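Residue numbers (the working numbering), protein chains in the order written: chain A, 154 to 408; chain B, 245 to 543.
No lab work stands behind these hints: they were computed from the structure. Here the structure is a predicted model, which means the values were calculated and not measured. Please note: incorrect hints may appear among the correct ones.
What the hints assert, rightly or not - Not close to chain B: a few residues of chain A, all C-beta gaps over 10 Å, as computed:
{"#": "1", "residue": "Ala173"}
{"#": "2", "residue": "Val182"}
{"#": "3", "residue": "Leu216"}
{"#": "4", "residue": "Asp238"}
{"#": "5", "residue": "Cys260"}
{"#": "6", "residue": "Arg310"}
{"#": "7", "residue": "Lys352"}
{"#": "8", "residue": "Glu358"}
As the list claims (entries may be wrong) - A partial selection of chain B residues facing chain A, derived with a Cβ cut-off under 10 Å:
{"#": "9", "residue": "Gln258"}
{"#": "10", "residue": "Pro262"}
{"#": "11", "residue": "Gly266"}
{"#": "12", "residue": "Leu281"}
{"#": "13", "residue": "Leu283"}
{"#": "14", "residue": "Ala284"}
{"#": "15", "residue": "Leu303"}
{"#": "16", "residue": "Ile334"}
{"#": "17", "residue": "Pro376"}
{"#": "18", "residue": "Val391"}
{"#": "19", "residue": "Val394"}
{"#": "20", "residue": "Gly396"}
{"#": "21", "residue": "Val414"}
{"#": "22", "residue": "Gly418"}
{"#": "23", "residue": "Ala516"}
{"#": "24", "residue": "Lys517"}
Every residue, glycine too, gets a C-beta built ideally from N, C-alpha and C.
Here's the letter readout for the chains.
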Amino acid sequence: MSAANKEQGIPGISRRRFVADTAQTACVVGIMGLTLGIYARQAKSMPATAIRPPGARAQDAFLGACVRCGMCVRDCPYDTLRIADLGEAVASGTPYFVAREIPCEMCEDIPCVAACPTGALDPGLTNINDAHMGVAVLVGHETCLNYLGLRCDVCYRVCPLIDEAITLKTISNPRTRKHALFIPTIHTDKCTGCGKCEKACVLEEAAIKVLPERIAAGKMDAHYRLGWEEKAKHGGPLLEGVIDLPDRVPGGAGP
Amino acid sequence: MTSSYAPAAAAITQKGWPKAHGWLLARRMTQISFLLLFLAGPWFGLWIVKGDMAASRTLDVLPLTDPYILLQSFFAGHIPETTALIGAAIVAGVYALIGGRVYCAWVCPLNMVTDAAHWLREKLGLTKGWPPKRELRLWILGMTLAVSAVGGTIAWELVNPVTMIYRGLVFSLGAVTVVIVALFLFDVFVSRRGWCGNLCPVGALYALVGVKAVLRVSARNRHDCDDCMDCYAVCPEPQVITPALKGLAKDASPLILDRDCSNCGRCMDVCAKDVFCFTSRFHEPPLPYPVTNAPRKAA
């Protein structure tokens with residue numbers, strides 16, 4: 154409209170009006186954009202209990218790639234996946250699951266990944282055992298029955314990668330002094346985050362929980378080396394002529 | 245309080261009710277058919293179409309993707325898989341031919357909501373209300389792309405009521421209803437045809453897609469026009485009519501070439517003089533137009 158005025162030969166008024174109109178629109182849209190931007194940023198935070206489907210890209214990249222079509226949710230044969238409604242803590246329209254409710258059954262043909270048209274779920278994931286939806290962590294050290302010296306073992310037994318993702322580590326039971334504790338131990342590199350352990354935990358509130366990897370897993374600095382591994386790799390001591398003194402063991406026991 | 249909003253009255257007397265609502269009914273049927281195609285799966289287990297308005301797969305072969313969402317994804321720094329790209333190319337290609345905003349008038353589920361709001365607004369005799377500029381939607385379109393780029397996220401999909409209404413229906417999500425109700429009330433009480441006509445960036449992008457659309461409305465029989473203004477009263481984008489309808493004196497084309505025309509056909513319904521018809525943008529007699537009928541009646 155302002156451009157038309159300009160053509161009609163009232164330059165003073167039309168220029169002023171054009172600038173004012175543009176500034177007004179820019180401000181209104183700017184405020185909208187700011188609000189949307191803040192909302193978009195907040196939408197990136199996920200509750201720790203919400204797990205993305207297998208092959209999901211990292212949260213930042215995922216929200217730029219997922220078009221919210223829900224086809225992964227549709228093709229999930231176990232109704233594990235659900236779509237976030239407006240107002241939920243998970244970004245509206247995106248897929249997720251809650252392990253304690255329905256865990257991932259780790260289908261071999263990974264139908265959810267096959268359904269994704271955009272690659273928000275990485276089609277490069279062809280073996281479900283390579284998935285890293287999250288990492289199981291035994292958070293309830295005081296409540297886990299195995300930690301108390303009982304033989305529950307349920308999380309270990311239901312693990313689709315039994316003896317790989319979860320192993321039982323035996324340590325001495327300091328309470329009885331003659332029995333063993335069978336500590337469920339999760340191996341981060343093998344755990345797919347399917348959540349069957351969390352679902353199966355017999356406690357009222359699961360002692361083992363699947364958490365996003367960024368929360369659940371530690372990471373060693375790149376320059377750290379484990380001496381004993383380096384030694385084994387080398388096939389002997391790395392420095393020649395170092396005197397190996399006998400280890401001091403309390404009570405004078407030992408070799 | 246109530247006004248006598250009856251823009252099709254003359255057409256009804258002249259042509260009868262069915263003919264005066266033909267295109268409107270066709271549109272409603274198309275909109276409902278699309279909705280039923282998507283709902284047949286979740287409601288009746290008849291999986292013809294999977295997905296929603298954002299992306300879908302028909303009969304497990306035909307992928308369709310919303311080009312606007314994919315564009316935001318590009319801006320967010322993601323290169324989508326081929327399936328989504330093909331889907332968006334098909335959708336954009338079709339609308340480029342038949343008119344970008346055909347999506348708005350014939351497919352978008354929100355059209356029924358905003359049309360209902362408009363009807364109520366006119367019945368209540370409310371004034372035009374807040375008049376944002378029609379270009380505002382282009383600004384909003386640009387803003388959503390900017391927010392997508394800065395935030396690395398598909399920004400508009402967090403709030404987009406167009407895809408939300410389908411998602412809500414297809415996946416039985418309750419909370420999205422609030423947005424639909426809010427939008428209805430906005431169009432009734434705040435701004436006349438405010439959402440579709442001024443704000444919605446989805447329509448703005450589709451308008452750009454269909455800027456050279458082949459299927460167009462022509463005011464071919466404009467010499468018969470008796471200035472009853474019924475077409476202006478029903479047109480969701482009345483500014484598109486003037487250059488074509490009133491262009492006789494200037495030897496302007498009778499084609500409505502404005503990208504914002506949604507080919508809804510409502511002008512054809514309500515015109516008692518049958519001024520308008522669908523045609524191709526290439527199918528108009530050359531200038532100057534023959535004034536066939538008798539000269540216009542004096543006002």
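Each hint tested on the structure:
1. Ala173: The claim holds: A/Ala173 sits with its nearest Cβ about 12 Å from chain B, beyond 10 Å.
2. Val182: The claim is violated: A/Val182 sits with its nearest Cβ about 4 Å from chain B, within 10 Å.
3. Leu216: violated, 4 Å
4. Asp238: Non-interface label on A/Asp238 violated, nearest chain B Cβ at 4 Å vs cutoff 10 Å.
5. Cys260: Per Cβ check, A/Cys260 is outside 10 Å of chain B; nearest 17 Å; holds.
6. Arg310: Label holds. Min Cβ-Cβ 34 Å, cutoff 10 Å.
7. Lys352: Holds, since 23 Å exceeds 10 Å.
8. Glu358: holds, 27 Å
9. Gln258: violated, 35 Å
10. Pro262: violated, 38 Å
11. Gly266: Not OK, violated: B/Gly266 not within 10 Å of chain A, min 34 Å.
12. Leu281: violated, 14 Å
13. Leu283: The hint is violated - B/Leu283 has no Cβ within 10 Å of chain A, the shortest such distance being about 13 Å.
14. Ala284: violated, 13 Å
15. Leu303: violated, 14 Å
16. Ile334: Given a least distance of 12 Å, the restraint on B/Ile334 is violated.
17. Pro376: holds, 8 Å
18. Val391: Given a least distance of 5 Å, the restraint on B/Val391 holds.
19. Val394: holds, 7 Å
20. Gly396: holds, 5 Å
21. Val414: Result: holds, 7 Å to nearest chain A Cβ.
22. Gly418: holds, 7 Å
23. Ala516: violated, 31 Å
24. Lys517: violated, 29 Å
In the structure shown, a violation is registered for the earlier hints numbered 2, 3, 4, 9, 10, 11, 12, 13, 14, 15, 16, 23, 24, in ascending order.
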